[in-house]
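*Asks:* Residue numbers (full-length UniProt numbering), protein chains in the order written: chain A, 1 to 282; chain B, 1 to 282.
Mixed in with the good hints there might be a few duds.
Remember, identical chains collapse to one label, so a pair may be satisfied in a single copy or spanning two.
What the hints assert, rightly or not - Straight-line C-alpha distance at most 30 Å; calculated DSS-like pairs for lysine-lysine:
no.: 1; residue 1: Lys-150; residue 2: Lys-261
no.: 2; residue 1: Lys-70; residue 2: Lys-42
no.: 3; residue 1: Lys-261; residue 2: Lys-70
no.: 4; residue 1: Lys-13; residue 2: Lys-70
no.: 5; residue 1: Lys-42; residue 2: Lys-13
If you are wondering where the hints come from, they were derived from the structure by calculation, not from laboratory data.
Note that this is a predicted model, so its numbers are computed, not measured.
Here is what each chain is made of, one letter per residue.
Protein chains: 2
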Amino acid sequence: MLYFIGLGLGDVKDITVKGLEIVRQCSRVYLEAYTSILTVGKEALEEYYGRELLLADRDMVEQQADEILKGAVVSDVAFLVVGDPFGATTHSDLVLRALNAGIQYRIIHNASIMNAVGCCGLLLYNFGETVSIVFWTDTWRPESFYDKIKKNRDMGLHTLCLLVYQSPLFPGVERFEPPRYMTVAQAAEQLLEILQNRRDRGEELAMIEDTVCVGLARIGAEDQTIRSGTLQELASCDLGGPLHSMIISGHLHPLEVDMLKLFSGPEGLKTLKMTDSSTYGS
Amino acid sequence: MLYFIGLGLGDVKDITVKGLEIVRQCSRVYLEAYTSILTVGKEALEEYYGRELLLADRDMVEQQADEILKGAVVSDVAFLVVGDPFGATTHSDLVLRALNAGIQYRIIHNASIMNAVGCCGLLLYNFGETVSIVFWTDTWRPESFYDKIKKNRDMGLHTLCLLVYQSPLFPGVERFEPPRYMTVAQAAEQLLEILQNRRDRGEELAMIEDTVCVGLARIGAEDQTIRSGTLQELASCDLGGPLHSMIISGHLHPLEVDMLKLFSGPEGLKTLKMTDSSTYGS
Chain A
1 MLYFIGLGLG
11 DVKDITVKGL
21 EIVRQCSRVY
31 LEAYTSILTV
41 GKEALEEYYG
51 RELLLADRDM
61 VEQQADEILK
71 GAVVSDVAFL
81 VVGDPFGATT
91 HSDLVLRALN
101 AGIQYRIIHN
111 ASIMNAVGCC
121 GLLLYNFGET
131 VSIVFWTDTW
141 RPESFYDKIK
151 KNRDMGLHTL
161 CLLVYQSPLF
171 PGVERFEPPR
181 YMTVAQAAEQ
191 LLEILQNRRD
201 RGEELAMIED
211 TVCVGLARIG
221 AEDQTIRSGT
231 LQELASCDLG
241 GPLHSMIISG
251 HLHPLEVDML
261 KLFSGPEGLK
271 TLKMTDSSTY
281 GS
Chain B
1 MLYFIGLGLG
11 DVKDITVKGL
21 EIVRQCSRVY
31 LEAYTSILTV
41 GKEALEEYYG
51 RELLLADRDM
61 VEQQADEILK
71 GAVVSDVAFL
81 VVGDPFGATT
91 HSDLVLRALN
101 AGIQYRIIHN
111 ASIMNAVGCC
121 GLLLYNFGET
131 VSIVFWTDTW
141 RPESFYDKIK
151 KNRDMGLHTL
161 CLLVYQSPLF
171 PGVERFEPPR
181 YMTVAQAAEQ
191 LLEILQNRRD
201 RGEELAMIED
211 TVCVGLARIG
221 AEDQTIRSGT
231 LQELASCDLG
241 GPLHSMIISG
251 HLHPLEVDML
261 KLFSGPEGLK
271 TLKMTDSSTY
281 GS
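Just chain A, same shape as in the assembly (with noise of 0.2 Å):
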C-alpha cells in the first residue's frame, strides 16, 4: 500500500492521529519537499515521528517514482506531503505509477492553504479560480494571474494567490543556494506595476491601488500572520518569513469586512470602513 499523506500547515503535531499511526508502522517513510513547507524541518519530523525520513525531490517523484514504489505490493510505504497531498500534478501521477504497478493507495487528508485561507474570515464559498504569482525576470513578466483576478472581480469573487515558493529541491534550481519565496509585499508590488501598464495602456481596470486585499504568513502555524489592507498598503508592510499568500478580495459581505478589520493595522482599518469594495474600476 502507498500511503499519501498530508502534514498539515504548521509543525510536526499537524499530522492526524491516523496519519501518524501509519507513518510509524510503515517500511519505508519519503517526505516529499519540493512544493511547500512547514515550520519546523526534517529533522524535527523524524525526531517526533521516530523515523528516517527519506528527501523526495521532483527528479525523484517524476523520474525514479520506481524507487518510492518498490515493495509496496507487499508492504506499506508513505509518502508525505506538506498541507494535503493533492495540491500538485505530480503526486496524480504517482498513483497512476501505482496503480500499474499493482499497487494500492490511500489518501489520509490534510488542511492546505487552498481551505485554510478561511481562518481570514472571507467565505470560501465566494473565491473564485486560484492563481500563483511567480517572481519576475528581467525578459519574463507574466501578466497572466492579473487576467484571471479580474474575471473573478468581474463576478465579485475573492481570489487566492498563491505566491512562489522556489525550493531547492526543485529541479533547475542551484542545490545549494537558499530556498526563496516570495513575499506579500513583493506580490503586491508586481500587482501595482501591473495596474500601472494597464492603466497606461488606457484599459478598464479591474481593481485599484485601494482594493482591499489580504496578506497571510505562516498559516496554521503558532506565529502565523494575518494582514488586511489597500494594495497599496500591502506593498509596504512585512509578515516575516515563509509562506506567504495573499488574497484580492471581491464583493464584500458586511461580516467579512468585520473579520477583516481584526486583520488590518490603525490605517486599513480607516480604509475598511471607506472602501465600498463592490464598486470596481479606477
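Go by the hints and put chain B onto chain A.
*Replies:* Just chain B now, with coordinates in the frame of chain A:
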C-alpha cells in the same frame, strides 16, 4: 482561550495530534453538529477523546453564544467542527463574539471537502466558484447554481457542488425527523431537469447530458466512493450513505482524464474516452 478545532472528514482519528491534545485538556468541549457529519457519531468521539461532548446546534451558536463562551477568559473551551472550522459564517460570528468578550481564539485546521475533493484527480487550481444544491419543493425550485456552473464552464473551470445536508439540529427542521441529505443521483436529476428547462427556452447550454461529472461520497472515510461519468449516468448511480458532493468538470487536462478513468464504470470509461469536455453547449 476558545479553540476552533477541525475534525477532518472521516472518523475519530482524523483529528490532528495538536487538536486531540487540546480537546483532552479543555474545560468544556462543544461539538458543532449542524453543518456536516463524520461517519461516526458523538458517542464514538466521546469514547476516543475520553471526554463528554456538549452538542451545539445552530440556535445555540447563534442565539446563546454566551453559554459557549462562559469562562473562556480564564479557562480553555474547545469548539469542534467537522472538516475545517471556517466554512460556515456562524463561526466567524462566534470569533467576533469571543473577541468582544475579551476571549482570545485559535484555529486548528483540518481537511474539508473544499480541498479534499482533489483526491479525484481534478486540480484544485482549476475550480471556480463553489455552489450549493438544495432540495426542491413544489413551489421553490432555484436554478441559480446552474448559472454559476455556466460561468465556471465558460472559463474552462470545474465546479464543486455541495449537496445539502439537513441536520435535525437545524432550526426549522423537526427535531425528531431523521437527518436528510441529498444524493449525487438526486443532484444530477435536478441538473438534468434544468438543462431541459433551459433547452425549452431556447438558451445556449453550459453543459449537456454527456458532460463529464464526478460523484463523491464519504470522502476521507475508509469506504469513500468516487464515481466519474456523464451527468446522465450519475443520475442513476447509488453511492451509498452520506455525505455526497458532485463536480461538474470544465476543461480537462490529460492527467485529469487519466485520474477520472480510475473512477468510471465500464460505460463511463468509454464515455470519458469519447467526450471532449472542452466542447461545450448542446
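*Asks:* Each hint: holds or not?
*Replies:* Checked hints:
1. In this homomeric assembly, Lys-150 and Lys-261 come within 30 Å of each other (Cα to Cα) only inside a single copy, at 24 Å, whereas the closest approach across copies is 34 Å.
2. With identical chains, the CA atoms of Lys-70 and Lys-42 are at most 30 Å apart within one copy only, with a shortest distance of 22 Å there and 41 Å across copies.
3. Taking CA atoms no more than 30 Å apart as the test, Lys-261 paired with Lys-70 passes between copies only; the shortest distance there is 25 Å, against 52 Å inside one copy.
4. For a Cα distance limit of 30 Å, the shortest separation of Lys-13 from Lys-70 qualifies both inside one copy, at 28 Å, and across copies, at 28 Å.
5. When the C-alpha separation of Lys-42 and Lys-13 is checked against a cutoff of 30 Å, the pair qualifies both within a copy, at 13 Å, and between copies, at 24 Å.
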